[in-house]
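Enquirer: Listed here are the chains, written in short residue letters.
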Amino acid sequence: MSDAPPPDTKRSLRYAVLVGIGLMAAIDEIVFHQLLQWHHFFDRATPGIGIVSDGLLHAVELLALIAGGFLLADLARRQRLARPWVWAGIALGMGGFQLFDGLVNHKLLRIHQIRYDVDLLVYDLTWNGFAVALLVLGVALVQRARTYDRTSSSRHGPAQGEHAGPQDR
Amino acid sequence: MVALVLVGVLTVAYLWAAYGQRRRWSHLHTWAFLAGSGVLILALSPPVAHWAHHDLRGHMVQHLAIGMLVSLAWVLAAPMTLLLRQLPTPYARRVVAWLQSAPVRVIAHPCVTLLLNIGGMYLLYLTPLFVATQHSPILHHWLHFHFLVAGYLFCWSILAAPDATPHRVSRRLRLGVLTLSIAAHGVLGKLMYGYGWPRGTSHSLEDIQAAAQLMYYGGDLAEALLAIALFSLWYRRSGRRRAGFATRGVHEKMPIHHPARH
Numbered sequence: 001m002s003d004a005p006p007p008d009t010k011r012s013l014r015y016a017v018l019v020g021i022g023l024m025a026a027i028d029e030i031v032f033h034q035l036l037q038w039h040h041f042f043d044r045a046t047p048g049i050g051i052v053s054d055g056l057l058h059a060v061e062l063l064a065l066i067a068g069g070f071l072l073a074d075l076a077r078r079q080r081l082a083r084p085w086v087w088a089g090i091a092l093g094m095g096g097f098q099l100f101d102g103l104v105n106h107k108l109l110r111i112h113q114i115r116y117d118v119d120l121l122v123y124d125l126t127w128n129g130f131a132v133a134l135l136v137l138g139v140a141l142v143q144r145a146r147t148y149d150r151t152s153s154s155r156h157g158p159a160q161g162e163h164a165g166p167q168d169r
Numbered sequence: 001m002v003a004l005v006l007v008g009v010l011t012v013a014y015l016w017a018a019y020g021q022r023r024r025w026s027h028l029h030t031w032a033f034l035a036g037s038g039v040l041i042l043a044l045s046p047p048v049a050h051w052a053h054h055d056l057r058g059h060m061v062q063h064l065a066i067g068m069l070v071s072l073a074w075v076l077a078a079p080m081t082l083l084l085r086q087l088p089t090p091y092a093r094r095v096v097a098w099l100q101s102a103p104v105r106v107i108a109h110p111c112v113t114l115l116l117n118i119g120g121m122y123l124l125y126l127t128p129l130f131v132a133t134q135h136s137p138i139l140h141h142w143l144h145f146h147f148l149v150a151g152y153l154f155c156w157s158i159l160a161a162p163d164a165t166p167h168r169v170s171r172r173l174r175l176g177v178l179t180l181s182i183a184a185h186g187v188l189g190k191l192m193y194g195y196g197w198p199r200g201t202s203h204s205l206e207d208i209q210a211a212a213q214l215m216y217y218g219g220d221l222a223e224a225l226l227a228i229a230l231f232s233l234w235y236r237r238s239g240r241r242r243a244g245f246a247t248r249g250v251h252e253k254m255p256i257h258h259p260a261r262h
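One line per chain: the protein sequences are R and X, in this order. Mapping to my numbering: the first sequence position 133 is 133, numbers consecutive. Mapping to my numbering: the second sequence position 158 is 158, numbers consecutive.
No lab work stands behind these hints: they were computed from the structure. Beta carbons are placed, not taken as given, at the ideal position from N, Cα and C, and that holds for glycine. Treat the hints with care, since some could be wrong.
Unchecked claim - For the chain X half of the interface with chain R, some residues (derived, Cβ under 8 Å), not all of them:
#1 F145
#2 A184
#3 L233
#4 S238
#5 R240
Produce the entire structure from the sequences given, and follow the hints as far as they go.
Expert: Structural data, given as structure tokens:
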């Protein structure tokens, strides 16, 4: 396809953020709820608003993962997927969700804590520190994607459509 | 037993109609219907019914199977489209008119089906109604029937496909309703777990909590399947639309089922 459109960086990033949010939520559910069983499924200390907002958040996460996946697949099908931006988006989505979970869900809404009968401070710091690390990684990947776009467009010059291969497979 | 025979009759009727089609009827529809019937027969079979009667977890599995899996599969089977194709034109017209009538429009609206489906579950599990269904056979059968019909209407109103719905509700609103449904399902599971509902049964708190968790995760799985169905229908349709622009006629063999739209 010589007249392939250029990769859609904005959508690639946006949809990948959705997938990142859903992925982190799924990891949280599988690792901390199911495997380690650190989190409580539900404790009566949870305020009513906490249960409802947790339910809504959970619904949004689930749909984000599915919607993001299909939207990315659609971009790929149209050969408009910008790979570097996808990785950046996934890292940003994961980090953003992890930080939100650590600050709002655990601390503000008090839905549940990371672990019980332990000194929480260490856990909270690790949890949120990991989130910040993921966000920093995301920002670094955004920088890398920007450089990639710049070099690939300067390398190929104005004939944008010619290089559809390497970038969006 | 009557229910099992009824499912058998419906399935045979569907197969008979599907194979009698002059225009090609997608095997995916047929398989979806068969899968739905299979799960329904399994869920109503004596061993499962017995399990459901004395174990709350069994009841939950039965409920999830009938209310979510069977109804989703049957919606994906496009039975209305098949029925309309099968009926002689005057009757088909009458059915289309009925589908467009005010009561059907109301009852097939996503907001109403959400209330029927999830609202019915809140009413059942968080009130003494559940105990009542355990003592009255009529209520008990009605319960299964309600799960199936409410689940079917809900899946249909959210997907708005492959059978056309009587109204055009935007995908955004349908996604919003689906979000509320997933949230409400999860919240109900947590309320049952935390506060020991349904109360007044012979089940222990551990049983109730196990059943509530089953509802939570099983409900998630079922709603995720519904969301996947919704997005894959969108994915297929948008691909077909785009392909239609490029190479007209290539996808002619995939029928689009919107007889009631016009």
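Enquirer: Hints numbered earlier in the text: which of these fail when held up against the supplied structure?
Expert: 1, 3 and 5
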